[in-house]
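Chemist: Residue numbers (the numbering used here), protein chains in the order written: chain A, 217 to 552; chain B, 99 to 169.
Everything labelled a hint here was simulated from the structure, so no lab data went into it. In this text, all values refer to a predicted model and were calculated from it rather than measured experimentally. Hints are supplied without guarantee of correctness; some may be wrong.
Claimed, not checked - Below 30 Å or equal to it, Euclidean Cα-Cα: the simulated DSS-like pairs (lysine-lysine) are:
hint : chain 1 : residue 1 : chain 2 : residue 2
1    : A       : LYS291    : A       : LYS353
2    : A       : LYS399    : A       : LYS414
3    : A       : LYS356    : A       : LYS291
4    : B       : LYS158    : A       : LYS323
5    : A       : LYS291    : A       : LYS344
6    : B       : LYS158    : A       : LYS344
7    : A       : LYS399    : A       : LYS529
8    : A       : LYS399    : A       : LYS521
9    : B       : LYS158    : A       : LYS414
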Amino acid sequence: MPNRLPLLLGAAALAVALILLPHQLSFSQQEVLVFLVINVLVVASYRLLTLTGEWSLGHVVMVGVGAYASALISKQFGVWVPLSMVLGAAVAGVVAFILSFPLFRMKGFYFLIGSFAAGEVIRLCWKKFRYPFGGPKGLKSIPGFPDITIGETTFAFWNAVNFYYLALIVVAVALVFLYRIEKSRLGLTFHALHWQDKLAESVGVNAWRMRMTAFVAASFFAGLAGALQAHYLTTINPTMFDVEPMVYVLIWVIVGGTATFYGPILGVVILTVINEIVLRELGVDQARPLFLGAILILSILFLPKGLESLVPKIGGLWKRRNKDDGNSPGGETEKA
Amino acid sequence: HGVIVTAFIIIIVGGIGSLEGAVVAAVLYAFVHTFVTTFFDGTVADITGLLLMLIVLVIKPTGLFGTKERA
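The following block holds chain A by itself, in its conformation from the complex (with noise of 0.2 Å):
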């Protein structure tokens, strides 16, 4: 068992770090923030999807599930915001339960291709119907996360600060039911089929169900993730859900890397950073797509393991530099 004290402290400093961060940034940066925190748990949800090997085009149409879900639920029936936040992500799931009886009928690139074809009908429903979804205007003046009051200080939700800690805790919860998923028997029954459906299935695992399962746990993380956003903006619409938020999400994974946990955050953060942080300050705003799209071409030429393969090497590199005994040379190496 090696020593706890780094791992600790490390999450001390990283914790620390992330409660100060806000206020260094500036106003817009804070939105950005608030934004990067939400896309976290939508990267990670979809994680848990692809390690059963399946890859949607479906998973950004299940935020917005559970985005209209949740803004319908405390709209229309003036629910509380939280507990319509829990029912907007279970619909997302439900909706996802629906959906698995077709489309877990074919793998890979024909799963691909559906659950693109779902959830395009999906989105055009939303466009189509005025009542309730608002039609392509969409749904405005959701009511907003209540504010909450401890002692003399009141927090108020519309504040961008106040919004990222709130989305921050939320998320942490989740990414935390995420990863006890991920290592559980239930996970590894995931890695399972994707690496040998066949023999996965020859000792008894019910594959169908087993990607279901995956499906609605990731569509309701998803929708979790919808929720937070339809209530920080209060307002949204059938375009916020189309496939270029999805393009997004993919290329963070796939620059990011599914092979562990933290592969699609550190894509999710680094591009962000990148893309509306360094890429606004050197003003190049319309061409800023333009440099993501050579961001995915070189990572996937020089880097197709994504950058998550960097971290042991770099980890490798700090232990060697610290102990130059020279066993363990490429540090402790991810099983993929």
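Following the hints, put chain B in place on chain A, whose structure we already have.
Modeler: Just chain B now, with coordinates in the frame of chain A:
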């Protein structure tokens, strides 16, 4: 919809790698799309096209004229 989505639907419905399938699927898709647009509206037509693709994917993933080994 962009042209790319339309092309995609036609390729899937016709069967990947099948030229005659693409021709037949293009005529079929164009007819359905125009028919629904005339009697309902454009968004419903898009939904119908996607549902057509979904149904083909579920029932016969090889497409109308696809060969078996592609499945």
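Chemist: Which of the stated hints cannot be reconciled with the structure, identified by number in ascending sequence?
Modeler: none
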